[in-house]
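Asks: Residue-level listing of the chains:
Number of protein chains: 2
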Amino acid sequence: MTDNPLDNIRIVLVGTLYSGNVGSACRAMANMGIRHLRLAAPNIQDKNWIEGQKMAVHADDVLNNREEFATFEEAIADCVAVVGTTARGGLYRQHVRAPRDCAAEILERAATGPVAVVFGREDKGLLNEEIAQCTHLIRIPVDEGYTSINLAQAVLVTSYELFTASGHYQPPHEKAPAAPQAQKAQLMKMWREMLEEIGYMDETKADHMMQGIHRVFSRGVVTKDDAALLLGVARQTMWAWREKGLGKRG
Amino acid sequence: MTDNPLDNIRIVLVGTLYSGNVGSACRAMANMGIRHLRLAAPNIQDKNWIEGQKMAVHADDVLNNREEFATFEEAIADCVAVVGTTARGGLYRQHVRAPRDCAAEILERAATGPVAVVFGREDKGLLNEEIAQCTHLIRIPVDEGYTSINLAQAVLVTSYELFTASGHYQPPHEKAPAAPQAQKAQLMKMWREMLEEIGYMDETKADHMMQGIHRVFSRGVVTKDDAALLLGVARQTMWAWREKGLGKRG
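First to last, the protein sequences are chains E and A.
For the numbering used here, add 23 to where a residue sits in the first sequence, where the first one is 1.
For the numbering used here, add 23 to where a residue sits in the second sequence, where the first one is 1.
Read the hints as simulated data drawn from the structure, not as lab findings.
Hints should not be assumed to be uniformly reliable.
Any copy, or any two copies together, can satisfy a pair, since identical chains are not distinguished.
The calculated DMTMM-like cross-link candidates involving lysine to aspartate or glutamate, where the alpha carbons are at most 25 Å apart (straight line), are [claimed, not checked]: (1) Lys228 / Glu128; (2) Lys77 / Glu145; (3) Lys77 / Asp166; (4) Lys77 / Asp249.
These figures come from a predicted structure and were not determined experimentally.
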């Protein structure tokens, strides 16, 4: 627990290409009281970070204290919520909200543990398989005539909404420990296995149906106890199924 | 009158040094549905606008359609309201509000005529004499640990608040033509002359007292009729004063 939920925000940049954008993002974060930067599978072209250092200006501590991870999964493993940002709609992006509508809820989660706020590549954003691992999705409202927003600008607007909302922040009543992302990923994996095994869905429809499960769980599974309960359901179901000699592996 | 008050917003950059900041500001404006850029007394170091064109990306039409003015006064002459942005407090900056608290009012003004939203130099912001010509002042809320916000980022947050507010915009009831800045400047000039002439204030205190007058008029003088009325008061007062043989010039 921390007094200031902004201390638990982790800005996660995925596959970023340009160090200047990382530097500008650092400055935007520092302006809005957010200090923890993570790079997931960075793809920085400029190995010397010339532009990055220049654009960070006096937020170079944010830049220099960044954490780097080889994969997206590792960058979000300890997070109790994962907030993806997207400029697009589509199948995997149905429960998208504006950052202002989501900010208070993100801060409530951040009072219980680290929360990842994730920004995709400059050229193609987040991939569908990354979006699928997010518990919340936000889209910055932009004019339809020009929807392509710069990476650091997207970081700024999102951080600004969190910073502004933190001024009115009330700590949540929920005291149970929050479920980290790794436990949630395990939950999704076991449910997929279980649902396939009991014949609820076949492989061709699994991706689509798991989106629905994910949507429900991303709203409903908040604490470690929530996740443990549903992991138990999957385990028990598979056990019962196999006992009857019906399981693929039974 | 226009259906969309964002069409009447004029982003005015004063004494800007770096073309890259102008380009980034263009992109931020386009993202938020604002297309009209003015440069007042620009001081761009890079005469070829290399960075500016690069940072504008597909908002190059905003960049290329910019208007340039030799002075700040000319850049705001036709505007019915002038919204200054400042990172500082102080004597000349007492009636400062957050952009979110001011956005609806700015849009109401913009439904009646052009509204300037003004951003100062990268290194020293707006000068006191420029601040003194603003009818509204806003300050972007930032973390006390790092208050220096990039120019284009400041343009983005302000434009974002206007764009967001425009979604809930209701046209105002006021139908009278709005007073342009040139008329308001004339009003301040005549009142200063009048108040000095009738001995209400001496020259040493005039700057300070005119700040108070300006504060009242910037809230209260909205229409051409408002301004004409108070111009009439000043004219009549000076006439009466001189008739009595009391005027300096009487």
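Asks: For each hint, tell me whether it holds in the structure or not.
Replies: Going through the hints against the structure:
1. Proximity of Lys228 and Glu128 under a CA criterion of 25 Å is satisfied in neither setting, with 32 Å inside one chain copy and 52 Å between copies.
2. In this assembly of identical chains, Lys77 and Glu145 lie within 25 Å of each other by CA distance both inside one copy and across copies; the values are 19 Å within and 15 Å between.
3. In this homomeric assembly, Lys77 and Asp166 come within 25 Å of each other (Cα to Cα) only across copies, at 21 Å, whereas the closest approach inside a single copy is 30 Å.
4. When the C-alpha separation of Lys77 and Asp249 is checked against a cutoff of 25 Å, the pair qualifies neither within a copy, at 45 Å, nor between copies, at 49 Å.
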